[in-house]
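J.: Residue strings, one per chain:
There are 2 protein chains.
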Amino acid sequence: MISLDDLKSLARPAKTKVVLVVMDGIGGLPRAFDGKTELEAAQTPHLDALAAQGTLGLADPIAPGITPGSGPGHLGLFGYDPLQFRIGRGVLEAVGIDLQLTDQDLAARGNFCSVDAQGLITDRRAGRIPTEVCARLCGLLEKIQIPGVDLIVRPVREHRFVVLFRAVGLEEGLSETDPQEIDKPPLPVRAEVTHASRAAEVANRFVAEAKKLLAAEHPANMVILRGFSQYPKLPKLTEIYGVRAGVVAVYPMYRGLARLVGMEAVKAGDTVADEFTALEKHFGEFDFFFAHIKKTDSYGEDGNFESKVHVIEEVDRELPRLLALKPDVVMVTGDHSTPATHKAHSWHPVPVLLWSKWCRPDGAKGFSERECRFGGLGHVRSAELMPLIMGYAERLTKFGA
Amino acid sequence: MISLDDLKSLARPAKTKVVLVVMDGIGGLPRAFDGKTELEAAQTPHLDALAAQGTLGLADPIAPGITPGSGPGHLGLFGYDPLQFRIGRGVLEAVGIDLQLTDQDLAARGNFCSVDAQGLITDRRAGRIPTEVCARLCGLLEKIQIPGVDLIVRPVREHRFVVLFRAVGLEEGLSETDPQEIDKPPLPVRAEVTHASRAAEVANRFVAEAKKLLAAEHPANMVILRGFSQYPKLPKLTEIYGVRAGVVAVYPMYRGLARLVGMEAVKAGDTVADEFTALEKHFGEFDFFFAHIKKTDSYGEDGNFESKVHVIEEVDRELPRLLALKPDVVMVTGDHSTPATHKAHSWHPVPVLLWSKWCRPDGAKGFSERECRFGGLGHVRSAELMPLIMGYAERLTKFGA
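So the sequence lines, in the order shown, correspond to chains Y and E.
One point on numbering: in the numbering used here, the residue at position 160 of the first sequence is 1168, and numbering is uninterrupted.
One point on numbering: in the numbering used here, the residue at position 163 of the second sequence is 1171, and numbering is uninterrupted.
Looking at chain Y on its own, in the form it has when it is part of the complex:
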């Protein structure tokens, strides 16, 4: 795969505009009664017309046979090889609640838990306390004073929270405090690499103070911390390709992932139509626009084939509004497959539709997994899609003379 450094050296300014439409978990599998996948069952006249003019392909998000999580799935789409660039669990959790991380942040996932008089864990989830209680306790913990460190402690849901340790010199490489079973005490944080010793000290200090502050609480009288991770050291899209990049996404996780690579989030309502309205409104501000549609994945995970089909049809209905903006390149794809028959993310390759005036049309009859097998893009890795987009957008100059 071509390196980001090489891509950066090839990038050139252009006035072209790109829209990347990601239907989360778009790839499907045939349903029993007529053998159609979700994309095939959906009535998608606009996507089909685009497919007929464009070039199709299939993409493996990580590698053949590997099922991606949302983080690596999107990193791949943004052009970062997920096997090379890894995002820690703490960072992902922080991003998922719309926290804006800085490069001085060390993030961790937290659980409120219950411990007995001996300090042994009796419930790793503190009886799944209500989110409002979690929020109040986070407020308490945020008052902990650690010299030189800013603390951000925010509720996620029920017993789950995120803590950001913000300070210079906090490096990742820490063991977790979760013993993974009850009747054990929370473990001390250990630095697994020497340069993480300051971070270990800070984390242990936080846990000790939390213990004191929570002593009188019930059932959430202690914390366990996992997934310590730093803000990932990723070159931003602007640095690599020189594009101003924007994102519209209903769910915070995807705005957060996009921010990690330098995209700016724009506001939108909750529906697919709202997202296309936001796209219309902000189209002039960006060279590269990423629109994330969540519900294809959610319905896929629910095993709700029909509703996944309806979301695809909804996107199709809005597509003319996008095309009316006269983008130079449009890509429609997904971060992974979530076949409704499988009810989970899967390893199947993802259909890709690339449209620009520079396409060799495949003459496809529609946009589907089947048609994509024969597409001119071939079978690629998701991380190769961004160079393709930039190539079709005439934003990459010749490699060598």
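In case anyone wonders, no lab produced these hints; they're calculated from the structure.
Each hint should be verified, as a subset may be incorrect.
Chain copies aren't distinguished; within one or between two, either way the pair holds.
Below, computed lysine-lysine pairings styled on DSS-like, alpha-carbon distance capped at 27 Å [as the list claims (entries may be wrong)]:
{"#": "1", "residue 1": "1373", "residue 2": "1044"}
{"#": "2", "residue 1": "1244", "residue 2": "1406"}
{"#": "3", "residue 1": "1334", "residue 2": "1025"}
{"#": "4", "residue 1": "1025", "residue 2": "1365"}
Being a predicted model, the structure only gives us computed values, none of them experimental.
For chain Y, the structure is supplied; the task is to place chain E on it using the hints.
T.: Same frame as chain Y, but now just chain E:
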């Protein structure tokens, strides 16, 4: 390509069962009179039905344009990038005669040769002595005493034998004693890396003792040694994927290769039907079962198109017995191509058929090189097939969150 360490971290337990059927050298080329390849000429109703339900692809065993030997061809199928993991010739020769190596073994290929009174080689193959003579002389050599070293010396065929030096601390990195021409003396073994000096000492001592023991023999009065190599440091399939893996193969070489990656060999007779009987008998003992069919390759090398076709048809006839065992994933493929028109291993990509309930069917009309071009697996490296198998077997968890 995803690393074995990453795969290991993704592996999860499952009850699914996998059968990998390898028809050695299966890939073919069109014959002159009707343009059909061996797979196309064969009547294979069962394989064709499986292809219609499954997902097809083409695999390059090593890299495009590269013709594989049997060792790397199989390593690739077992999921080890043959460009990264290499098996020495000595080990391969030992494996080929069913020797069970340990991680303390240094293996070498030997030739009995003829030398004159000055010690100059007059015949590098000692007139191709009969195998029985070779066996007797190996018995002699096995009596050589080297302190701290166990010696195993076994005949291969005619003048060829294998020697295993079994001891702690014998590292590979040795020069060969074969001068590759007559009228030269056998060369001393040199350590090409410093930590191989003990091994060089041992090998030279063996050669010196062999010279004495063989002095009165004719024509085989000396030995030359080549291909010194250690038992390869490969993580076993069990370590990576947590599967119990079994192999049925008529030829020892393939049982041996499978043992190198942790498979357990089961006994079978000599025919394809015998192999399927062994598969039936031992199916319950393993999660992963590798069945090796040799004669597709042998007839390919002979240029015997018709007989290669018959072997394919024989496998097809037995296929229902395999399917009756209700495996979760079946893959049918080869370790390389051996087109009968080419009479040798070739560099052509190998047809792959993957079948499971999680397939997006390609709707192929049959199993052939032509149909595989349009398959949903695309064009992959053979080493990527194992992650695909494990993905379809639901034995890999999500990569990242």
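J.: Evaluate each hint against the coordinates.
T.: These are the hints, each one checked on the structure:
{"no.": "1", "hint": "1373 / 1044", "verdict": "both (15 Å within a copy, 18 Å between copies)"}
{"no.": "2", "hint": "1244 / 1406", "verdict": "both (22 Å within a copy, 26 Å between copies)"}
{"no.": "3", "hint": "1334 / 1025", "verdict": "within (8 Å within a copy, 51 Å between copies)"}
{"no.": "4", "hint": "1025 / 1365", "verdict": "within (12 Å within a copy, 42 Å between copies)"}
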